[in-house]
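Visitor: Here is how the chains run, residue by residue.
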Amino acid sequence: MKFGWHAKLAGALALVAIPFVVPVSGADDTIKIAYVDPLSGGGASIGEVGLKTFQFLADDLNAKGGALGRKFEIVAYDNKLNAQETLVQVQKAIDSGIRIITQGNGSAFAAAISDFVTKYNERNLGKEVIYFNYAAVDPVLTNDKCSFWHFRWDANSDQKMQALTNYMKDRKNIKKIYLINQDYSFGQAVRSAAVAMLKDKRPDVEIVGDEMHPLLKITDFAPYIAKIKASGADSVITGNWGQDFALLVKAAADAGLQTDWYTYYAGGTGGPTAIKQTGLNHRVFAVGEGIPNLGYGPADEFEKAIRAKYNFSLFYPRAVNEMRMLQAAIEKAKSTEPTKIGAALEGMKFNVYDGGEGMMRADDHQFIQPLYISSFGERSAKEPFDEESTGWGWKLAGKIEAANTVLPTTCKMSRPAS
Amino acid sequence: MSERAQTASAQRSSGGLLATAARYGIWVVLAALLLTLPRIFSSSFTFTMLSLMGISIIFALSYNMLLGQTGMLSFGHAVYYGLGGFLVVHAMNTVTKYSLPIPLPLMPLVGGVAGLFFGVVFGSVSTRRGGTAFAMISLGLGELVASSALILRSFFGGEEGITTNRTKLLRIFDWNFGSQIQIYYLIAFWCLVCVIAMYALTRTPFGRMCNAVRENFERAEFVGYNSQLVRFFAFCLSGFFAGIAGGLAAINFEIVNSGYVGAEQSGSVLLAAYIGGIGFFGGPIIGAILVTWLQVMLSDITEVWQLYFGLLFVGMVMFAPFGISGLLMMHAPLWRARVLWRLVPAYLLALAAGLVMLTGASLVIEMAYHLSTKAADGPMMSFMRVAFSVHSLLPWLMAAVLLIGGYFFFRSSWPYVEGAWHDALMKARERGSAV
Amino acid sequence: MLELVLVSTLNGVLYGMLLFLMASGLTLIFSMMGVLNFAHASFYMLGAFFGFQISQLVGFWPGLILAPILAGFIGALIERYGLRNVHRHGHVAELLFTFGLAFVIEEIVQMIWGKLPRDYRIPPSLDFSAFTIFSTNYPAYKMFMLLFAIGIFVALLLVLTRTRVGLIIQASLTHPHMVGMLGHNVPRIFMLVFGLGCALAAVAGVIAGPALVTQSNMAALLGPILFVVVVIGGLGSLSGAFIASLLIGLLQTFAVAVNLSISDIFGVFGIHTNPLPFLSDIWRVTVAQIAPIMPYLLLVLILVFRPTGLMGTRDT
Chain A
-11 MKFGWHAKLA
-1 GALALVAIPF
9 VVPVSGADDT
19 IKIAYVDPLS
29 GGGASIGEVG
39 LKTFQFLADD
49 LNAKGGALGR
59 KFEIVAYDNK
69 LNAQETLVQV
79 QKAIDSGIRI
89 ITQGNGSAFA
99 AAISDFVTKY
109 NERNLGKEVI
119 YFNYAAVDPV
129 LTNDKCSFWH
139 FRWDANSDQK
149 MQALTNYMKD
159 RKNIKKIYLI
169 NQDYSFGQAV
179 RSAAVAMLKD
189 KRPDVEIVGD
199 EMHPLLKITD
209 FAPYIAKIKA
219 SGADSVITGN
229 WGQDFALLVK
239 AAADAGLQTD
249 WYTYYAGGTG
259 GPTAIKQTGL
269 NHRVFAVGEG
279 IPNLGYGPAD
289 EFEKAIRAKY
299 NFSLFYPRAV
309 NEMRMLQAAI
319 EKAKSTEPTK
329 IGAALEGMKF
339 NVYDGGEGMM
349 RADDHQFIQP
359 LYISSFGERS
369 AKEPFDEEST
379 GWGWKLAGKI
389 EAANTVLPTT
399 CKMSRPAS
Chain B
14 MSERAQTASA
24 QRSSGGLLAT
34 AARYGIWVVL
44 AALLLTLPRI
54 FSSSFTFTML
64 SLMGISIIFA
74 LSYNMLLGQT
84 GMLSFGHAVY
94 YGLGGFLVVH
104 AMNTVTKYSL
114 PIPLPLMPLV
124 GGVAGLFFGV
134 VFGSVSTRRG
144 GTAFAMISLG
154 LGELVASSAL
164 ILRSFFGGEE
174 GITTNRTKLL
184 RIFDWNFGSQ
194 IQIYYLIAFW
204 CLVCVIAMYA
214 LTRTPFGRMC
224 NAVRENFERA
234 EFVGYNSQLV
244 RFFAFCLSGF
254 FAGIAGGLAA
264 INFEIVNSGY
274 VGAEQSGSVL
284 LAAYIGGIGF
294 FGGPIIGAIL
304 VTWLQVMLSD
314 ITEVWQLYFG
324 LLFVGMVMFA
334 PFGISGLLMM
344 HAPLWRARVL
354 WRLVPAYLLA
364 LAAGLVMLTG
374 ASLVIEMAYH
384 LSTKAADGPM
394 MSFMRVAFSV
404 HSLLPWLMAA
414 VLLIGGYFFF
424 RSSWPYVEGA
434 WHDALMKARE
444 RGSAV
Chain C
586 MLELVLVSTL
596 NGVLYGMLLF
606 LMASGLTLIF
616 SMMGVLNFAH
626 ASFYMLGAFF
636 GFQISQLVGF
646 WPGLILAPIL
656 AGFIGALIER
666 YGLRNVHRHG
676 HVAELLFTFG
686 LAFVIEEIVQ
696 MIWGKLPRDY
706 RIPPSLDFSA
716 FTIFSTNYPA
726 YKMFMLLFAI
736 GIFVALLLVL
746 TRTRVGLIIQ
756 ASLTHPHMVG
766 MLGHNVPRIF
776 MLVFGLGCAL
786 AAVAGVIAGP
796 ALVTQSNMAA
806 LLGPILFVVV
816 VIGGLGSLSG
826 AFIASLLIGL
836 LQTFAVAVNL
846 SISDIFGVFG
856 IHTNPLPFLS
866 DIWRVTVAQI
876 APIMPYLLLV
886 LILVFRPTGL
896 MGTRDT
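Residue numbers (the working numbering), protein chains in the order written: chain A, -11 to 406; chain B, 14 to 448; chain C, 586 to 901.
No lab work stands behind these hints, which were simulated from the structure alone. Since this is a predicted model, take the numbers as computed values, not measurements. Some hints here could point you the wrong way.
Stated by the list, open to error - In silico DSS-like pairs for lysine-lysine, Cα to Cα no more than 27 Å straight-line:
no., chain 1, residue 1, chain 2, residue 2
1, B, 387, A, 292
2, B, 181, A, 133
3, A, 400, B, 181
4, A, 52, B, 387
5, A, 370, A, 292
6, B, 181, A, 107
7, B, 387, A, 59
8, A, 189, A, 40
9, B, 110, A, 107
10, A, 40, B, 110
11, B, 387, A, 297
12, A, 297, A, 320
13, A, 157, A, 205
14, A, 115, A, 59
15, A, 115, B, 181
16, A, 20, B, 387
As the list claims (entries may be wrong) - Label-pair ranges, simulated between beta-carbon atoms:
no., chain 1, residue 1, chain 2, residue 2, range
17, B, 231, C, 594, 28 to 34 Å
18, C, 728, A, 267, 18 to 24 Å
19, C, 740, B, 389, 44 to 50 Å
Using N, Cα and C, we set each Cβ at its ideal position, and we do this for glycine too.
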């Protein structure tokens, strides 16, 4: 067989491609943090925002010198919103030498990681791994299923409900409340906390409906809205997030339902767009550890910087706290050993992103911080930031001091012998 | 179908004693390979990966008992896999709670029995018909079980699932099964046992009956077989092995949740079996290994792994519809006639051209991805560890040259491949090999 | 009570019509070519994003025309250069082809429009409430969706049963060889049908996009429910798909409205203890909670007892 001219050219082209295959080694003295969240499929839009936020934070800290003179590096792992895959990816991260893991989307995956990391550390002494949870809010993670190796920076679902009900306590126009939540552990946690706390704080308020709907399966919320309407509710409490929130408020607006909305995740990706479409001006409230329009100088600076780089606002002030406290803990422990970082974090007090003091409670590794209730709608001069280019923005409605968000824990922490 | 059967029968008829030795020898070789793999690879992630592959192999083979052997397309095979997993976790927790003297290595059997049980229950309604009706019922059953898993909390544990601890069971040989390597040996053992059992099944009269039902169920009925019953038994047995795979997965992850019974799991086993090739017993094994590797590793290499995944399947279906094993078996007659080496130069040429084309294509994809979703990170990106700016013209030009040039050279290398094939085939015929 | 029944009926019909809009193209393709088009929902998504893009440039109404044509064209190309080659390898191969295609389309949509939801608006000319029942507003846009779906149903039915093209299509469905012998180009008919089916999916996307969320996961969300509609209705039966859509829409809507559980039913007879602790979940689950899985239950039951589907003439 003879090779023609095109065969020769093919060979030449293959040679051209060689530089692409030759590896280039890089410096490897960074503090690596494995970011394990969905980066493809249905949850990708949420996971991507988180990843960019963490990378932004790492760059920000690195610009200030990192920790112990070493830089932070975020390594992304795609868990595809699947518990098995989550554990495979965590294992992969550990096997490549990473010993700090962060994850937030989905309490189910958080529980899986926490359980895995705890077992792993038991079986692999001296190679411990630590897990930072920035958004999974199931209370059980810092109660019955608590672990020394799990730290949570988000207020848990009960604390958020505590904050919401504290705010609702003084709103005398609330007479009838309807609960609608997703039918899984988080939704269950929201509804049971709401029922218990409302009974305690506002015995005069009537709960006229208590709905659980399947998670991320509903395309048409009109039947649910019809039920809410028939119940005569004036306020709705929901923990819905993502499309379950967007479709819910859209269906409500379509049917002309006039109620106030008390939510956990109205600020989530796509939420502001949906609220703007419905025209519910300052009738949707959300609870969180921070909003853009608080007028706190350092936070405003940070907000401006992240908006200048990406086309989203800072959705995770808790991630800022997490990364800054990690840096502080490493400096304090003078080590990047997870066991020492964990010990340094326990009970650490920290000046949080939106001002005020927060504290990592040693009993259960739940971060205690001030919480804010805010409403979404038209802005005045005091609210410089809008959301998702809608023109509307968050306005402070009430602040709950850190001390008022403290709840008892059932956690019996077992600490590593040292 | 007939083409495939011919190749298979040709393969069987050739060689008597040698084939017998090869038939049993291959299992010994396989066992030895499974034992030595951990000595070759030492990183702990390799054990994780090998364990996943072992589970996936059992699952894919059990699936192929339906699709490949009996011609039943199922969209809900994860039901038996997942229910096997749940039963195993419940059994492990019960055993731990009452300190029963049952060691961990026997636990996958519980999964198998669970798979068998649910196979009998669901099979009795769904296997009355083959074809699309069976496919759609399996889809419906899959969705039903997956949704029920979120509603029936005390058994399925909601979306958080149920956890267990594999080290708390009765110990034998002082193994606590805490480390991944011990789990690897456990999975390798069960994998070998299941592969042998499933292979043996294809050699029994029952296995032949399944093939008959697949090829033409009406004729099978005329000959006197009850095709409905054959489908039912194949379904139950397939459920049994799927349950074992699910049980092993539960032991490996120490957690089961509703995802185990979900559509995604059902879809990936279909892909694995098909990519490997459903026409040969070994096909799903190859497919399971490849798909597992892709699922775990591809997302590290590129963020748009789904696109490559999709393109791979589209490409496979279009150009290699009999799967990887189909491609390999095409070469078997040439290998036996010892003329396979004649293809090497032409293949190398085509491979080089193909690689150039693929490099160009993935360069285009990666640059477009960077431009569209990572604009905020600046124009710099790296491809195969070479850094460049997507705003400059050169990389785009380069990608275009690689892609278009590669395509044309792949096209023009094809006549060489065909010519080489023809030559080799002629040579093989000259030597009197059955081609 | 009357209020809830009336409102639920209306909601059920609206939802059912939306389902029909999406399923009509699928039933056409499925019944004609026997292809389980897993990428059908992807064309629905493509329709929504094309519609969104065109509405940004020239407005909603041109989008309603242009987006389906574009999607249909892409569909026809895919049939011509992809699916047709796969056809001879059987239905599993075709199915896997569309399976892979769904991945590819989703990823490409993400690359072009990103992963975040896009702000696809209802046209201002339809942005008012049409009427009010028991203080519940019904937006004009939903009425438009309803009428549009019925219009499509009638038009398709007329084309299939009254025109020459429709008759050839129906004939090549049952007797492809005979139609081929008579001199018709069967592959081309298949290509046109596939393109038409994709265009119909895209129409559904253009219309549903503003009402639901236009996001890159909207295809996956819709998922297998479309197959359920098509199979329950009966293969090859447009009327069947229409009835099945309505049935599923009403079933789901009414299930949501009912807050009954098994324990409530037994409670009527004075039995209040739960007999088996292990089954406590089944005991407590309300009809509303299982509303979304009802279609699948219906699917299994129908296939077990009536494998041709509601209106089908052929075994599935």
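Visitor: State for each hint whether it applies.
Guide: Verification of the supplied hints:
| no. | hint | in the structure |
| --- | --- | --- |
| 1 | 387(B) <-> 292(A) | 19 Å, holds |
| 2 | 181(B) <-> 133(A) | 18 Å, holds |
| 3 | 400(A) <-> 181(B) | 21 Å, holds |
| 4 | 52(A) <-> 387(B) | 24 Å, holds |
| 5 | 370(A) <-> 292(A) | 15 Å, holds |
| 6 | 181(B) <-> 107(A) | 12 Å, holds |
| 7 | 387(B) <-> 59(A) | 22 Å, holds |
| 8 | 189(A) <-> 40(A) | 40 Å, violated |
| 9 | 110(B) <-> 107(A) | 18 Å, holds |
| 10 | 40(A) <-> 110(B) | 45 Å, violated |
| 11 | 387(B) <-> 297(A) | 11 Å, holds |
| 12 | 297(A) <-> 320(A) | 31 Å, violated |
| 13 | 157(A) <-> 205(A) | 33 Å, violated |
| 14 | 115(A) <-> 59(A) | 21 Å, holds |
| 15 | 115(A) <-> 181(B) | 22 Å, holds |
| 16 | 20(A) <-> 387(B) | 21 Å, holds |
| 17 | 231(B) <-> 594(C): 28 to 34 Å | 46 Å, violated |
| 18 | 728(C) <-> 267(A): 18 to 24 Å | 20 Å, holds |
| 19 | 740(C) <-> 389(B): 44 to 50 Å | 46 Å, holds |
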